[in-house]
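2 protein chains.
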Amino acid sequence: MSQKVKASTLPGFLELLPQDQIMFNEMMDTIRRNFEKHGFLPIDTPAIERSEVLLAKGGGNTEKQMYRFKKGDTDMSLRFDLTVPLARYTVEHFNELSFPFRRYHIGKVYRGEKAQRGRFREFYQCDIDTIGNGSIDIANDAEFPVVIYHTFKELGFEDFTIRINNRRLLKGFYESLGISDSVEVLRIVDKIDKIGKENVKSELMELGLNEDQADRIVEFTLIEGSTEEIFKALEDLNIENEIFNIGFNELKQVMNYIEEYDVPSKNCVVDLKIARGLDYYTGTVYETSLDNYPNVGSVCSGGRYDDLASHYTDKKLPGVGLSIGLSRLFYQLNEAKIIQAKKKSLVDLIVIPMDGFIDAGIRLVSKFRNSGIDTIVYTEEGKLGKKFKYADALNIPYVVVIGENEVKTERYTLRNMETGDQDELTVEEIVERLK
Amino acid sequence: MSQKVKASTLPGFLELLPQDQIMFNEMMDTIRRNFEKHGFLPIDTPAIERSEVLLAKGGGNTEKQMYRFKKGDTDMSLRFDLTVPLARYTVEHFNELSFPFRRYHIGKVYRGEKAQRGRFREFYQCDIDTIGNGSIDIANDAEFPVVIYHTFKELGFEDFTIRINNRRLLKGFYESLGISDSVEVLRIVDKIDKIGKENVKSELMELGLNEDQADRIVEFTLIEGSTEEIFKALEDLNIENEIFNIGFNELKQVMNYIEEYDVPSKNCVVDLKIARGLDYYTGTVYETSLDNYPNVGSVCSGGRYDDLASHYTDKKLPGVGLSIGLSRLFYQLNEAKIIQAKKKSLVDLIVIPMDGFIDAGIRLVSKFRNSGIDTIVYTEEGKLGKKFKYADALNIPYVVVIGENEVKTERYTLRNMETGDQDELTVEEIVERLK
Numbered sequence: 000m001s002q003k004v005k006a007s008t009l010p011g012f013l014e015l016l017p018q019d020q021i022m023f024n025e026m027m028d029t030i031r032r033n034f035e036k037h038g039f040l041p042i043d044t045p046a047i048e049r050s051e052v053l054l055a056k057g058g059g060n061t062e063k064q065m066y067r068f069k070k071g072d073t074d075m076s077l078r079f080d081l082t083v084p085l086a087r088y089t090v091e092h093f094n095e096l097s098f099p100f101r102r103y104h105i106g107k108v109y110r111g112e113k114a115q116r117g118r119f120r121e122f123y124q125c126d127i128d129t130i131g132n133g134s135i136d137i138a139n140d141a142e143f144p145v146v147i148y149h150t151f152k153e154l155g156f157e158d159f160t161i162r163i164n165n166r167r168l169l170k171g172f173y174e175s176l177g178i179s180d181s182v183e184v185l186r187i188v189d190k191i192d193k194i195g196k197e198n199v200k201s202e203l204m205e206l207g208l209n210e211d212q213a214d215r216i217v218e219f220t221l222i223e224g225s226t227e228e229i230f231k232a233l234e235d236l237n238i239e240n241e242i243f244n245i246g247f248n249e250l251k252q253v254m255n256y257i258e259e260y261d262v263p264s265k266n267c268v269v270d271l272k273i274a275r276g277l278d279y280y281t282g283t284v285y286e287t288s289l290d291n292y293p294n295v296g297s298v299c300s301g302g303r304y305d306d307l308a309s310h311y312t313d314k315k316l317p318g319v320g321l322s323i324g325l326s327r328l329f330y331q332l333n334e335a336k337i338i339q340a341k342k343k344s345l346v347d348l349i350v351i352p353m354d355g356f357i358d359a360g361i362r363l364v365s366k367f368r369n370s371g372i373d374t375i376v377y378t379e380e381g382k383l384g385k386k387f388k389y390a391d392a393l394n395i396p397y398v399v400v401i402g403e404n405e406v407k408t409e410r411y412t413l414r415n416m417e418t419g420d421q422d423e424l425t426v427e428e429i430v431e432r433l434k
Numbered sequence: 000m001s002q003k004v005k006a007s008t009l010p011g012f013l014e015l016l017p018q019d020q021i022m023f024n025e026m027m028d029t030i031r032r033n034f035e036k037h038g039f040l041p042i043d044t045p046a047i048e049r050s051e052v053l054l055a056k057g058g059g060n061t062e063k064q065m066y067r068f069k070k071g072d073t074d075m076s077l078r079f080d081l082t083v084p085l086a087r088y089t090v091e092h093f094n095e096l097s098f099p100f101r102r103y104h105i106g107k108v109y110r111g112e113k114a115q116r117g118r119f120r121e122f123y124q125c126d127i128d129t130i131g132n133g134s135i136d137i138a139n140d141a142e143f144p145v146v147i148y149h150t151f152k153e154l155g156f157e158d159f160t161i162r163i164n165n166r167r168l169l170k171g172f173y174e175s176l177g178i179s180d181s182v183e184v185l186r187i188v189d190k191i192d193k194i195g196k197e198n199v200k201s202e203l204m205e206l207g208l209n210e211d212q213a214d215r216i217v218e219f220t221l222i223e224g225s226t227e228e229i230f231k232a233l234e235d236l237n238i239e240n241e242i243f244n245i246g247f248n249e250l251k252q253v254m255n256y257i258e259e260y261d262v263p264s265k266n267c268v269v270d271l272k273i274a275r276g277l278d279y280y281t282g283t284v285y286e287t288s289l290d291n292y293p294n295v296g297s298v299c300s301g302g303r304y305d306d307l308a309s310h311y312t313d314k315k316l317p318g319v320g321l322s323i324g325l326s327r328l329f330y331q332l333n334e335a336k337i338i339q340a341k342k343k344s345l346v347d348l349i350v351i352p353m354d355g356f357i358d359a360g361i362r363l364v365s366k367f368r369n370s371g372i373d374t375i376v377y378t379e380e381g382k383l384g385k386k387f388k389y390a391d392a393l394n395i396p397y398v399v400v401i402g403e404n405e406v407k408t409e410r411y412t413l414r415n416m417e418t419g420d421q422d423e424l425t426v427e428e429i430v431e432r433l434k
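Going line by line, the protein sequences match chains A and B. If you count by numbering that gives the first Met the number 0, then the first sequence holds residues 0 to 434, one letter each, in order. If you count by numbering that gives the first Met the number 0, then the second sequence holds residues 0 to 434, one letter each, in order.
Mixed in with the good hints there might be a few duds.
Repeated chains share a single entry, so a pair holds when one copy, or any two copies, can fit it.
Said to hold, decoys possible - For lysine-lysine, the following DSS-like pairs were computed, each having C-alpha atoms within a straight-line distance of at most 27 angstroms:
id: 1; residue 1: K265; residue 2: K366
id: 2; residue 1: K69; residue 2: K113
id: 3; residue 1: K113; residue 2: K200
id: 4; residue 1: K314; residue 2: K385
id: 5; residue 1: K113; residue 2: K70
id: 6; residue 1: K272; residue 2: K200
id: 7; residue 1: K366; residue 2: K314
id: 8; residue 1: K56; residue 2: K5
id: 9; residue 1: K342; residue 2: K36
id: 10; residue 1: K152; residue 2: K272
id: 11; residue 1: K70; residue 2: K56
FYI, nobody ran anything at the bench for these hints, they're computed from the structure.
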């Protein structure tokens, strides 16, 4: 007996059994369908890029996590997100694209980070972005929550909240307090739900802010209420700062457009706590959470950026985008048993031939298939119980057995595998029943 | 101005513009839908595997073409096909799978081979396989041509030929001539369409066969006719060899089942020239070609194998499988302008607001979307001509312009972008027209 190699995936890589894969694909299809019907165009870029392209922005954590290798003299890496490939794609194909360029991209990305529960080294991202040539209207910022609203609705959720904020609003407010560098402030404020307001205050003071500044930031961040109430409170602050006013105006426009897109106000709210840690974002920012499953965390997020591809081109390419981390979302929903496949089996019927009747079974399958019933035939010999067990394991909803008697009478017992009900029917009657 | 990184993909990697991507995805969806309705279950394995797993079978060309790298101490590689991952998957999840295990897998594979026209270093394979636990009935061999028939039909082809042969039949015939090692003979015979019968004869004689053996092999290989005629000719040879008889019987059963599956005999034929170079296959083998596009070559091929996973397990896992090389197929069909997208645009309508009317445009889009018309809005300011050009570039079939007059009258001009026809209609009338 020869030495065997252990059949195992690498740690940190998600791999599903077929029944879970059906559910995963259903989610992916729903996301894709919603991206497409809102007018985002598909792209699919290579998973491997030149390392120089991926590292153009400068390394840090990203570089450490990259799967990087050489083939011949070429230094290449697996992509770690879909945004850098989008930037490269937009510049490479600039003359062949129409702007605003609205694209979606669903694909695998790779990060060799420490393996931990619910984090994967290979995972699917589902991204939509709209890229402008030179400029892009604020109306685009309103489109993303609309797509997300319809997507999550169709995924089966009622209670989810898309939280919207504007980084210019925050930056302008901090400036009005005399704080010119907002990057670190934003990073701290973004944690307020996790670490609480006292810790935010003390971290802000550690940063060099005085107590009054820190208090006012915390107070501002915690302004709550309906969109109208928040806007009223912001107006009452009487802040005279241009960036604040630009941001406030943008936020008002975005919320107004979202309303005109018929998104219920319960699903889409202003939340001044959403700051997003990344300094990449410059205006509108989004985060989405499932109200009944706070542990799942943010299920999709994004925002507006001023310059997508400054590392590859002098052209100014501002954009807005949003990303769903599908693998992580699926894993968490599945672990918590929140999701169920709409269709547990991809076929409607299995024909089980008695031993020696595979021939008749195939003829019968053909009849069902020609009538539009997705049918398979069990091909192996064996006990009837084993054959039924197979149908059951595959969640196939209906079984027809065929043997000598059925061939003679042309009447077949149709068994509903869920209820156990059986009926003796002709092919036509079975087709009618199943349609 | 900072130094820019060149925005380019690596050579040998396929990347499509959105309009071509729509077409590519349509093909992939058609393939997937056909795999699913014939009862193949989805799996999706990591693109990265332990190198030891991928190399278990032993290297050769494969090893040289692999993208192999280390992360920490782990030696890993990108998969070069979907068969090795299937073997690993089947063994790893053996106890959780139901046999016969019918799976499909559509995914990217990687081969760092020399770049040449129409060959890619990253490409999609679309595989179906049925794996038995210990054994698997010959009825399964008949299922694959059926799936391929329906898939290519739905892809829009009428004239294609699925060629079927049986390696046992060939092996038994060679044995009856006194040739015990058939591997090299098969490799040579497989080239007969490319190099011609004279060259096959001389190569066989170089291998050590005598002239009579070579002549008889060439003669046998070139037996032609309908299935009945070929079977008659084979019977008339009166070959007394057990392996030949097993193979002949299998071939007869397979062709009989295929007929019972209602596949037209013009699309599925016996062809004794199909030997397949790979020594992996043991029984039934398939190849498929497009009759009107011989240059495209074999568009999908496969066959039966006795032992899927002997490098990982002592369990005997025989199977049958078939693979479509989608990227190459798409590239060739697209280059030859053979294919066209059924739906060139994923949305039905674009609303173009006159400058200053984006607000009204969004309200209008909402009405269309709520009525089930997939609609987008053009968001940027500019000349009307530029906005129409955008609709045209994206192949969006209908345009509605909205400005002061339209807001007042609630009647809109619907323009058919293909014919140029225009009609002044209400929202309800437009919805009716577009549905």
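Here is what the structure says about each hint:
1. K265 with K366: Between copies only: 20 angstroms across, 50 angstroms inside.
2. K69 with K113: both (23 angstroms within a copy, 15 angstroms between copies)
3. K113 with K200: Result: close neither inside a copy nor across copies, 31 angstroms intra and 60 angstroms inter.
4. K314 with K385: Classified as between: cross-chain Cα gap 20 angstroms, same-chain 65 angstroms, threshold 27 angstroms.
5. K113 with K70: both (26 angstroms within a copy, 12 angstroms between copies)
6. K272 with K200: within (14 angstroms within a copy, 80 angstroms between copies)
7. K366 with K314: neither (60 angstroms within a copy, 36 angstroms between copies)
8. K56 with K5: between (40 angstroms within a copy, 13 angstroms between copies)
9. K342 with K36: both (22 angstroms within a copy, 13 angstroms between copies)
10. K152 with K272: within (24 angstroms within a copy, 55 angstroms between copies)
11. K70 with K56: Answer is both; intra-copy 23 angstroms and inter-copy 22 angstroms each pass.
Of the hints listed earlier, those the structure fails to meet are numbers 3 and 7, in rising order.
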